[in-house]
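Asker: This is what each chain is made of:
Number of protein chains: 4
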Amino acid sequence: MLNVGIVGGTGYTGVELLRLLINHSQVNVKVITSRSEEGVAVADIYHSLRGHCDLRFSTPDIDTLASCDVVFFATPHGVAHQLVPALYERGVKIIDLSADFRLKDAQLWAQWYGQPHGCESLLPEAVYGLPEVNREQIASAQLVACPGCYPTATQLGFLPLIESNLVDTQYLIANAASGVSGAGRQASVGTLHAEVSDSFKAYAASGHRHLPEIEQGLRLAQPAGSEPAQLTFVPHLLPMIRGIHTTLYAKLKDTSVNLQALYEKRYSKETFVDVMPEGSHPQTRTVKSSNMCRLAVTRPQGGDTVVVMSVIDNLTKGASGQAVQNMNIMCGFDESEGLNHLGLLP
Amino acid sequence: MLNVGIVGGTGYTGVELLRLLINHSQVNVKVITSRSEEGVAVADIYHSLRGHCDLRFSTPDIDTLASCDVVFFATPHGVAHQLVPALYERGVKIIDLSADFRLKDAQLWAQWYGQPHGCESLLPEAVYGLPEVNREQIASAQLVACPGCYPTATQLGFLPLIESNLVDTQYLIANAASGVSGAGRQASVGTLHAEVSDSFKAYAASGHRHLPEIEQGLRLAQPAGSEPAQLTFVPHLLPMIRGIHTTLYAKLKDTSVNLQALYEKRYSKETFVDVMPEGSHPQTRTVKSSNMCRLAVTRPQGGDTVVVMSVIDNLTKGASGQAVQNMNIMCGFDESEGLNHLGLLP
Amino acid sequence: MLNVGIVGGTGYTGVELLRLLINHSQVNVKVITSRSEEGVAVADIYHSLRGHCDLRFSTPDIDTLASCDVVFFATPHGVAHQLVPALYERGVKIIDLSADFRLKDAQLWAQWYGQPHGCESLLPEAVYGLPEVNREQIASAQLVACPGCYPTATQLGFLPLIESNLVDTQYLIANAASGVSGAGRQASVGTLHAEVSDSFKAYAASGHRHLPEIEQGLRLAQPAGSEPAQLTFVPHLLPMIRGIHTTLYAKLKDTSVNLQALYEKRYSKETFVDVMPEGSHPQTRTVKSSNMCRLAVTRPQGGDTVVVMSVIDNLTKGASGQAVQNMNIMCGFDESEGLNHLGLLP
Amino acid sequence: MLNVGIVGGTGYTGVELLRLLINHSQVNVKVITSRSEEGVAVADIYHSLRGHCDLRFSTPDIDTLASCDVVFFATPHGVAHQLVPALYERGVKIIDLSADFRLKDAQLWAQWYGQPHGCESLLPEAVYGLPEVNREQIASAQLVACPGCYPTATQLGFLPLIESNLVDTQYLIANAASGVSGAGRQASVGTLHAEVSDSFKAYAASGHRHLPEIEQGLRLAQPAGSEPAQLTFVPHLLPMIRGIHTTLYAKLKDTSVNLQALYEKRYSKETFVDVMPEGSHPQTRTVKSSNMCRLAVTRPQGGDTVVVMSVIDNLTKGASGQAVQNMNIMCGFDESEGLNHLGLLP
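Protein chains in written order, with our numbering: chain A, 1 to 346; chain B, 347 to 692; chain C, 693 to 1038; chain D, 1039 to 1384.
Any given hint might turn out to be false.
Claimed, not checked - List of simulated lysine to any residue pairs, SDA-like, C-alpha gap at most 25 Å:
1. 253/A to 550/B
2. 957/C to 387/B
3. 945/C to 1378/D
4. 599/B to 227/A
5. 253/A to 598/B
6. 615/B to 747/C
7. 30/A to 1378/D
8. 269/A to 1378/D
Stated by the list, open to error - Sample of chain A residues at the chain B side, in silico, Cβ under 7 Å:
9. 3
10. 173
11. 175
12. 200
13. 201
14. 203
15. 206
16. 232
17. 234
18. 240
19. 284
20. 298
21. 301
22. 307
To be verified - Covered, in the sense of this in silico footprint (three residues per stretch, anywhere, with C-beta under 8 Å from a C-beta of chain D), are these stretches of chain A:
23. 11–19
24. 47–58
25. 285–291
26. 337–345
These are computed hints drawn from the structure, not numbers from a lab. C-beta atoms are modelled at their ideal positions from N, C-alpha and C, and glycine is treated no differently.
Excised from the complex, chain A in its bound form (with noise of 0.2 Å):
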């Protein structure tokens, strides 16, 4: 059985990280942090994990979370900079659910974020964990960054068109929408039920943290000495609780292209990538509570206009089920561990 630690556990993502771990076959959750918490019994404040979890909050400790084989960031960027090292050097494998080695720029990282970058030497280390397109890197790093909920979906729907060279990158449009546990579980008026029910919002229209994150995984995908990537990414809040939902617009540059054809080839051998027929609207209650990310591809009016619709559920392929399919990668085992349940619904 693999050690396994959690750094952060008192958020969406720590629950749900714990909601696939403690089924997971391989997996022992040695221990689980929280400075807030320090000493609370998890299962009193999700109690969800009544009967299934014994374990308490504990402040961070270096030692204890050494003696883990895997250690998962599910903290606000920062924490992670603070304390991997650390574990880097005793060997640990890490994986990082939040933004802090997201992006290989520091500069950029520290101009969206607001503050200096706080690790830049394991910068080079940290490997982007998107499996779709670095399996094989994953599979031998020691250090992951899982990608933002928005860049998972996004990148997964937009790839097939530009890793083809098949659409105007100068011009590419993500309107993406999120439910309100994608903003965490901190105290706030802004996702207050009262404040998010039954209503719809854009935020962030003029910059999103998430658009660099896209943007690098895009012009990575380009051809070698294409333009870079330009994307302009509107996220909205949504009144319900998981689940993005991306709408993407490019303009093909070659209108003669069989776009079902392409997607499903890109994506035959991807377990949690599932390309829909023609004519089909991937919900995201499809992809409620598993690993799936759902697309479908339209050509409306069959213009030079390519949409692509991309789900997932935010916390799980869009944050602790990616980290569980990056450590099945990292260690070996079937990528679909503990990942295979299907999604709830309705």
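Model the placement of chains B, C and D on the given structure of chain A, informed by the hints.
Answerer: Same frame as chain A, now just chains B, C and D:
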């Protein structure tokens, strides 16, 4: 007092019309029809009207309807085609909330609605009832075709850009989302609570009936001689009852324009269009139950893509409220009579 | 025009007061206070008020408030205790939406609210503002304590039974459920959308502050010499914004009574209580945004248990609407002035 | 591997059965029937099953069903009456999720379901499938009638009190609330999102079909010679998909009993009943997608009224999960096989 009739009163636009007209100081609702609910008290179906409405549904009768000063149609498409001519002939003012007279091109209508246009002869008389564009023609019209919900939000969002010829009209994108009341009050599996709640999806991505209506409006707004505007329009279904949010994308031909000033000026005299300050994100809940369209415009990262966000209540400004606004204009009342109440929040 | 002040205007009862008072024909809202939002435009917090309200929040100032004819308190408990005496002395009419003057027994108040009662001297002057019980005293009162939301729905449901001495008052049960707006607009984890949505729970089953208030009201309604009524009151949290539903259970001492006639007679002259026909089930959505309390009464299987269902909008009849109703009575206006709009449905 | 058939697989209990059975290590789902969807791929209706289920709906055929080891009925009432006898004769184990064999009294069944009982002869063989009461009989049964959703939550909540003869059984109250999935997947106006969302109501207050089932269960649990228990049962409709919450009220005959200890002892060996600590309030979301029933018991203000709160997922412990639990018992598998996954939260 104006005597008013409503044809097809059992749906959500019907009860919304009643909500507004019963509180309207100049109006007496004389008759409301429904074939299926003939004889049933309106307040027995809509308990919110108990004590405020003594009407019973009756079978549509031309003589009774012709005794009204104004008749509203809140019917499925095709019905108004049949009943409007007789009423028109007898001088009744007609406000049609259905799609029957929105498109000027009968062939186009037949193509999108899957049946021949049933009343081509009155098409030249019908005025498209978007007051912010056609106020003068509405004032003298006898037959007004109220815009659809998506077309209202989308046109009001795009108009300042289109009229000023500021954007590439060959690549306009409208990403729209609506509450489920837009689908009406018919029994159907697809709009059950257990199907819609806690989920989000696009629908009709390959072509929605509101597309030609929006394109017609945008093209009429273009400067003479322009290449006709081309729109990609993708509607989505929100897990909530009321509200439409459209996120509009266009490529600026000239980035030196002051978009905020442009929008504020365009709508400075409009009671029911509110241009929010720069950096705002309109929420659908801020227009719930009100006739307001709330807009914001931004240019992410100062680039050449303009993003417009536009929200309305689909049953009010998107249907019954706008119908009452049109009635006020046609009858010489204050345009905001009966529409001055504040939106419900939270 | 009546000059009106609002103390504590940033919460949901504050914005609901504004919604109602701005549309009230006899009222001018002169001042609205908030320490935390001092200087901020009200419409910047509540966008639904944009264009309808030019007020800015100010720090509470006795002289300014004393220049109003009526001052509403929409504050947490304890605040009115501090500010009311000075205003009372200067002859201002005061309508307190908080719990400060609801209980006649200062010791009981101290016990349930965990702090000494701050203004015992005015308790004898305070009139409990349930118009269906105390209309005459309200008309001549200078200080009115508006009932809580649960107490309004529960008392209106029980009163006909209690006043007529028809049930065993030693075993009354009120199973109540409220939308989350009842918890206010404070940042808190427990009322986040991701915590409340798609779930249901009881809370404060061992004792809620509204229990002594309800018992006080029921006991005052009992015939002289009765053994004081005993209530079990269990509130629940609904995954929705507005609305309270109470399901009341009592054991009939005499099953020959015509309950329907009893209820209809009791409320025959009440504008804001609607007794539905036998067999009805009131829905909270039928009173959304309205000041109505809608009731139904039944005796399952013709047994000796009576079940009463009672719904209100917790922010309207359960708070701000009832406050305006009280103001109308205190100021000699028509009791339904500003409250005659129809509920929003769907 | 056990070969399993499902009759009536298009509803929500059908898809929930598939979710659980596909992940069950000992089961192969061989056939699933639906007359209306004959020939349609199951995964085309329930996209969450894409990639995990190759079955197509077929018309029910006795020979095919008889080739299964176990057949589940997830049908409307009346259907199992017709098909069960032939399968029973051929030795197939039958687990009926419908109401057909729940009531022991055929006359009572006929009275509540409005049609004659169609299979009285097998009533003596049918075992009521509440494992916490009937585990042994279930183990040897060939025909198991799975309890209804409300009856499961209500009986598990009341049983410790009833079995111990601690309360006045002539005045039991069950105030219950269910998510809308309990109403099934039929097209109907009453369960549209726009009708159900953002609202709450009681229904069937004068008598619901689950009442006689609950009373039957409570009476069987009473000590011999007791006066038969009398229940008032009022169900309510929650604006959410999954979850049942019952709030139970009874009058204690003896207030010296330690209720917490009583409940903990009664369920100490039950895997799927979790008695929470004193002062807890179970939330439906803590059992979402899981087979757990979570309980709390309290005595408000130390009086003689006991309040029990009980939550289940109506589609899991309230239907398909309990059916799988019964299958495990009938087939000698570990009782929690296939049911060990953690609930989904948030």
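Asker: Give a verdict on every hint.
Answerer: Checked hints:
{"no.": "1", "hint": "253/A to 550/B", "verdict": "24 Å, holds"}
{"no.": "2", "hint": "957/C to 387/B", "verdict": "23 Å, holds"}
{"no.": "3", "hint": "945/C to 1378/D", "verdict": "50 Å, violated"}
{"no.": "4", "hint": "599/B to 227/A", "verdict": "21 Å, holds"}
{"no.": "5", "hint": "253/A to 598/B", "verdict": "20 Å, holds"}
{"no.": "6", "hint": "615/B to 747/C", "verdict": "22 Å, holds"}
{"no.": "7", "hint": "30/A to 1378/D", "verdict": "20 Å, holds"}
{"no.": "8", "hint": "269/A to 1378/D", "verdict": "29 Å, violated"}
{"no.": "9", "hint": "3", "verdict": "36 Å, violated"}
{"no.": "10", "hint": "173", "verdict": "5 Å, holds"}
{"no.": "11", "hint": "175", "verdict": "4 Å, holds"}
{"no.": "12", "hint": "200", "verdict": "5 Å, holds"}
{"no.": "13", "hint": "201", "verdict": "4 Å, holds"}
{"no.": "14", "hint": "203", "verdict": "5 Å, holds"}
{"no.": "15", "hint": "206", "verdict": "5 Å, holds"}
{"no.": "16", "hint": "232", "verdict": "5 Å, holds"}
{"no.": "17", "hint": "234", "verdict": "6 Å, holds"}
{"no.": "18", "hint": "240", "verdict": "5 Å, holds"}
{"no.": "19", "hint": "284", "verdict": "5 Å, holds"}
{"no.": "20", "hint": "298", "verdict": "5 Å, holds"}
{"no.": "21", "hint": "301", "verdict": "6 Å, holds"}
{"no.": "22", "hint": "307", "verdict": "6 Å, holds"}
{"no.": "23", "hint": "11–19", "verdict": "holds (count 4)"}
{"no.": "24", "hint": "47–58", "verdict": "holds (count 6)"}
{"no.": "25", "hint": "285–291", "verdict": "holds (count 6)"}
{"no.": "26", "hint": "337–345", "verdict": "holds (count 6)"}
Hints 3, 8 and 9, counting from the list given before, are not met by this structure.
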